[in-house]
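S.K.: The listed protein sequences correspond, in order, to chains A and B. All the letters of the first sequence, read from the start, carry residue numbers 1 to 213 under the UniProt record's numbering. All the letters of the second sequence, read from the start, carry residue numbers 1 to 213 under the UniProt record's numbering.
Be aware that a few hints might be false.
Pairs count within a copy or across copies, as identical chains cannot be separated in the list.
Said to hold, decoys possible - Calculated lysine-lysine pairs in the BS3-like style (CA-CA distance at most 30 Å, straight line):
1) Lys31 <-> Lys172
2) Lys113 <-> Lys83
3) Lys121 <-> Lys72
4) Lys121 <-> Lys83
5) Lys28 <-> Lys139
6) Lys28 <-> Lys126
7) Lys126 <-> Lys156
8) Lys113 <-> Lys156
In short, the hints are calculated from the structure, not lab data.
There are 2 protein chains.
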Amino acid sequence: MEKDKTVSNTTIRRLTKYYRYIEELNSKNVKIVSSYTLGKMMGISPSLIRQDFNAIGEFGRQGHGYQLDTLKQEIGNFLGLNKVHNMIVIGAGNLGQTLANYDGFDKVGFPIKALFDINPKLIGMKINGVEIIDLDNLKSFIKNNNIDIGILCVRKHCVQEMTDILVDAGIKGIWNFSATDINVPDDVKVENVNFSNSLFTLSYLMNDKYNLA
Amino acid sequence: MEKDKTVSNTTIRRLTKYYRYIEELNSKNVKIVSSYTLGKMMGISPSLIRQDFNAIGEFGRQGHGYQLDTLKQEIGNFLGLNKVHNMIVIGAGNLGQTLANYDGFDKVGFPIKALFDINPKLIGMKINGVEIIDLDNLKSFIKNNNIDIGILCVRKHCVQEMTDILVDAGIKGIWNFSATDINVPDDVKVENVNFSNSLFTLSYLMNDKYNLA
Numbered sequence: 001m002e003k004d005k006t007v008s009n010t011t012i013r014r015l016t017k018y019y020r021y022i023e024e025l026n027s028k029n030v031k032i033v034s035s036y037t038l039g040k041m042m043g044i045s046p047s048l049i050r051q052d053f054n055a056i057g058e059f060g061r062q063g064h065g066y067q068l069d070t071l072k073q074e075i076g077n078f079l080g081l082n083k084v085h086n087m088i089v090i091g092a093g094n095l096g097q098t099l100a101n102y103d104g105f106d107k108v109g110f111p112i113k114a115l116f117d118i119n120p121k122l123i124g125m126k127i128n129g130v131e132i133i134d135l136d137n138l139k140s141f142i143k144n145n146n147i148d149i150g151i152l153c154v155r156k157h158c159v160q161e162m163t164d165i166l167v168d169a170g171i172k173g174i175w176n177f178s179a180t181d182i183n184v185p186d187d188v189k190v191e192n193v194n195f196s197n198s199l200f201t202l203s204y205l206m207n208d209k210y211n212l213a
Numbered sequence: 001m002e003k004d005k006t007v008s009n010t011t012i013r014r015l016t017k018y019y020r021y022i023e024e025l026n027s028k029n030v031k032i033v034s035s036y037t038l039g040k041m042m043g044i045s046p047s048l049i050r051q052d053f054n055a056i057g058e059f060g061r062q063g064h065g066y067q068l069d070t071l072k073q074e075i076g077n078f079l080g081l082n083k084v085h086n087m088i089v090i091g092a093g094n095l096g097q098t099l100a101n102y103d104g105f106d107k108v109g110f111p112i113k114a115l116f117d118i119n120p121k122l123i124g125m126k127i128n129g130v131e132i133i134d135l136d137n138l139k140s141f142i143k144n145n146n147i148d149i150g151i152l153c154v155r156k157h158c159v160q161e162m163t164d165i166l167v168d169a170g171i172k173g174i175w176n177f178s179a180t181d182i183n184v185p186d187d188v189k190v191e192n193v194n195f196s197n198s199l200f201t202l203s204y205l206m207n208d209k210y211n212l213a
């Protein structure tokens with residue numbers, strides 16, 4: 001693999017999806033899979049799958065199928081999944097607590113190490129074993145606990161302020177659930193989860209006027 | 001506008017984003033906006049904005065800027081936002097309750113009318129004024145309350161079963177938070193919100209090995 005390989009955002013989304021299916025097959029003790037079988041499972045054409053895999057490395061030979069363990073490792077390397085990313089949640093409201101309650105992130109190497117809030121009623125509580133800490137301690141916690149990713153679950157009016165604190169503390173990845181776009185330096189990466197955008201997309205898909213010509 | 005206009009998924013995501021910014025400007029009593037100003041706010045090139053707007057209708061003349069109320073209405077029509085979509089949540093766990101607690105959906109015409117669960121401890125409770133109802137009553141509730149959208153917040157093992165019940169009851173849109181792909185007939189539209197996919201994308205973006213050539 002070359003170091004300067006870059007692929008499109010759409011391909012990344014497909015690769016994360018392959019990874020998910022591969023994990024599922026792995027858990028069923030499957031060792032080898034063909035692009036045909038994977039394509040049928042996922043509703044993606046086998047040729048597109050082969051093209052995606054070729055884009056990130058060289059696996060297997062035509063007609064022999066793919067070794068699942070190699071495939072998983074290579075896609076994992078590509079996506080940066082083969083190491084632990086420590087995360088913290090900013091904002092211990094409903095959504096923040098929901099994310100802390102979800103064990104799936106820890107299982108794939110993305111443990112949530114703490115939640116932060118300013119509400120004295122919440123501070124000291126534990127959610128699924130994860131403590132809610134006073135926001136005043138954010139910066140030192142990040143520095144002392146090797147935190148890679150900050151998850152923003154705060155209200156609109158303080159999102160940029162929280163972002164600036166995270167960036168200042170050296171955070172390089174922000175997972176933004178705040179429904180507002182944020183400004184960060186070039187070396188900080190942001191992934192937005194915007195529920196309204198997603199809902200509006202569903203609404204468009206359901207809008208017969210345009211879909212059913 | 002023609003009835004058979006179709007645009008790409010990426011454009012839809014941008015249109016939903018424009019809609020969000022237009023609402024924000026509207027709330028500040030702005031009446032007219034140029035593609036230049038909107039582009040600067042959103043970090044999108046003015047020419048791409050003009051191209052997107054041209055794809056769905058004809059607004060304004062070169063150099064005169066866009067009337068925000070017309071723009072909002074046309075994009076809203078296109079996305080199917082100018083009518084009410086009643087929603088229900090299947091699964092009243094952490095995530096389901098978080099969604100019910102969020103007032104933002106109701107404000108844009110997507111009210112949550114009920115949550116459904118099988119847990120007798122939850123049934124009868126109200127979350128933000130929305131009742132948790134026994135799953136046994138799902139089908140009749142959908143028929144009697146003009147429900148358009150089912151939100152899936154259930155565990156993997158029963159996702160497809162719940163999907164089939166929703167489809168059977170006539171639901172045409174499914175907002176799927178279940179981290180598993182679902183099978184539906186062609187006339188039922190699905191929008192997936194997959195937290196792991198999103199997190200893996202962030203991980204890729206942070207993966208220096210490939211990003212910084």
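S.K.: Hint by hint, note whether the structure agrees.
M.R.: Results of checking the hints against the structure:
no.	hint	verdict
1	Lys31 <-> Lys172	neither (36 Å within a copy, 38 Å between copies)
2	Lys113 <-> Lys83	within (16 Å within a copy, 42 Å between copies)
3	Lys121 <-> Lys72	neither (43 Å within a copy, 41 Å between copies)
4	Lys121 <-> Lys83	neither (35 Å within a copy, 40 Å between copies)
5	Lys28 <-> Lys139	neither (43 Å within a copy, 34 Å between copies)
6	Lys28 <-> Lys126	neither (34 Å within a copy, 40 Å between copies)
7	Lys126 <-> Lys156	both (25 Å within a copy, 26 Å between copies)
8	Lys113 <-> Lys156	both (24 Å within a copy, 25 Å between copies)
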